[in-house]
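Residue numbers (the UniProt record's numbering), protein chains in the order written: chain A, 1 to 317; chain B, 1 to 118.
Honestly, the hints are just simulated from the structure, not real lab data. Honestly, I wouldn't trust all of these hints.
As the list claims (entries may be wrong) - Now the stretches of chain A that chain B is said to cover, found in silico as 3 or more residues with beta-carbon under 8 angstroms: (1) 142 to 155; (2) 158 to 172; (3) 200 to 207; (4) 292 to 300.
Said to hold, decoys possible - Mimicking DMTMM-like on lysine to aspartate or glutamate, the simulated pairs with C-alpha atoms at most 25 angstroms apart in a straight line are: (5) A:K226 x B:E114; (6) A:K226 x A:E117; (7) A:K226 x B:D104; (8) A:K226 x B:D86; (9) A:K226 x B:E49; (10) A:K226 x A:D181; (11) A:K226 x A:D257; (12) A:K226 x A:E256; (13) A:K226 x A:D298; (14) A:K226 x A:E76; (15) A:K226 x A:D73; (16) A:K226 x A:E151.
Ideal Cβ positions, reconstructed from N, Cα and C, are used throughout, including at glycine.
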Amino acid sequence: MTAAVSEPFGPPEPFVHPAFFYRDEREYLDVTVPFVRDALAAGEPVAVAVPGERLELIRDALGDAAASVRLLDMREAGRNPGRIIPGVLRSFADAQPPGSRVRIIGEPIWAGRSDLEYPACAQHEALINASFQGRAATILCPYDVERLPEEVLADAHATHPTVIRSGSRQEQDSGTYAPGDVVARYNEPLPLVPDALTFAFDADSLSQARHVAVGEGSRHGLTGVKLDDLALAVAELTTNSVVHGGGSGVMRVWTEDGHVVCEVRDQGRLVDLLAGRRPVPRGQRGGRGLLLVNLISDLVRVHTGADGTTVRCWFAR
Amino acid sequence: MNTPHQVPASAARGSVPRLAVFPLAGRSGVRAAGEIALTTRAIWEGVLEEAVLEDDDVYYLELSDVTFVDVAGASALAAAAGRLQDGRRFVVRRPPSALRRTLDLLWPDQAGIEVSTS
């Protein structure tokens, strides 16, 4: 790309966020390894957060250079898609000295992501653009075209301004970039689950809501840190309902496929799309409740609309 | 709501959690009992406000009888620690595990907080 002399609308956006479509290991390494090596050669901080088996491929290909790269297994660090922006991307980018471009390979969507997880994955990819707007950063997001469904690949065109097609190393316009549409489309209703333990709460019964949830979580096999995490999540979600969501709400707890699930419904409407995904500056008092919920849950799904907001969290037993 | 597992909130009314605070004998600090959450936040913030103004190097927060601390309570502690003069610190004794978890995740390098489990 040439200099931005003819830019009619001010300086070009410094944030670069291509989706990279790969067909096999060779294509994967042909793009990811030079991406890392170029960053290292330029003295730019670089991180790789991809599923463990792909991480090993990149680590092996880099050899000794891997020691200079932050390597994270996305299956762990990004199991909850809502955790990736604050806990992986921004936590790495914000820790770097100002002035240099930060480069990250982030692969949040792999074959095997469940139907429950996918809406949160797509929203996460869309919200990266808002989170990094105006920042000198490049986040390359690999997509396995052999194993991911067509809809996922179509969504990747909507959540990334540019794409690198399989067999190519050139970045080009995605043609259908529309991240706001993706956030809205995957703001899917979360239908009531029958037979869940149900507790209506207000300011006077916040503590009871937590005790009821912890009792139920314990009865279903949560222990130790996981039980603490359930207590913390319930406390934050119910307190949010009391303070921001109309003063009251309904909490439900049930089990599902090896998880204890907890949801809180209230009358509020969540308007801040990056709530719970924005790192909070040291010294700022409030604003960490949803962030903590994202950091500790195995999955968080949110639905918000004119009728209210539902936040649902999964905790593996 | 008429689910088979509905828990009536009315049965639990009248038990809004409290936070009681007692000065420690012979050293600078307090022992707290109860829980630190929305309804007791102002009491906890008042304790920390006074603690910041003390002179002793160490200010003890004895929390073995505190059953829970929410994120706002941890945030108030971190903010108060950030305002301590150089060389001063809070020693937080036997806090509930939820507080340790929150501090580890959100304030991993906060100066001025020493957590003691004994």
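We went through each hint and held it up to the structure:
1. Taking a C-beta to C-beta cut-off of 8 angstroms, the segment 142 to 155 of chain A contributes 0 residues in contact with chain B, too few for the three needed, and the coverage statement is violated.
2. Counting residues of the segment 158 to 172 of chain A whose beta carbon lies closer than 8 angstroms to any beta carbon of chain B gives 0, which falls short of the minimum of three for the stated coverage.
3. Check on the segment 200 to 207 of chain A: 8 of its residues sit with their Cβ under 8 angstroms from a Cβ of chain B, so the three-residue criterion for coverage holds.
4. Only residues whose C-beta sits within less than 8 angstroms of a C-beta in chain B count toward coverage, and the segment 292 to 300 of chain A has 3 of them, enough to reach three; the restraint holds.
5. Restraint check for A:K226 and B:E114: satisfied, since their Cα atoms lie roughly 24 angstroms apart, inside the 25 angstroms limit.
6. Annotation: proposed proximity of A:K226 to A:E117 holds, straight-line Cα distance about 20 angstroms (limit 25 angstroms).
7. Restraint check: the Cα-Cα separation between A:K226 and B:D104 comes to about 15 angstroms, which is no more than 25 angstroms; the hinted pair holds.
8. The hinted pair formed by A:K226 and B:D86 fails the criterion: a straight-line CA distance of about 36 angstroms is larger than 25 angstroms.
9. Annotation: proposed proximity of A:K226 to B:E49 is violated, straight-line Cα distance about 32 angstroms (limit 25 angstroms).
10. Note on A:K226 and A:D181: the hinted pairing is violated, with a Cα-Cα distance of about 35 angstroms set against a maximum of 25 angstroms.
11. With a C-alpha separation of about 16 angstroms, the suggested pair A:K226 and A:D257 falls inside the 25 angstroms cut-off, and the hint holds.
12. The suggested pairing of A:K226 with A:E256 holds, with an alpha-carbon distance near 16 angstroms, which does not exceed 25 angstroms.
13. Taking the CA atoms of A:K226 and A:D298, the gap is about 10 angstroms. The hint holds against a cut of 25 angstroms.
14. Simply put, A:K226 and A:E76 have alpha-carbon atoms about 15 angstroms apart, close enough for the 25 angstroms limit, and the pair holds.
15. Taking the CA atoms of A:K226 and A:D73, the gap is about 21 angstroms. The hint holds against a cut of 25 angstroms.
16. With a C-alpha separation of about 34 angstroms, the suggested pairing of A:K226 with A:E151 is violated against the 25 angstroms cut-off.
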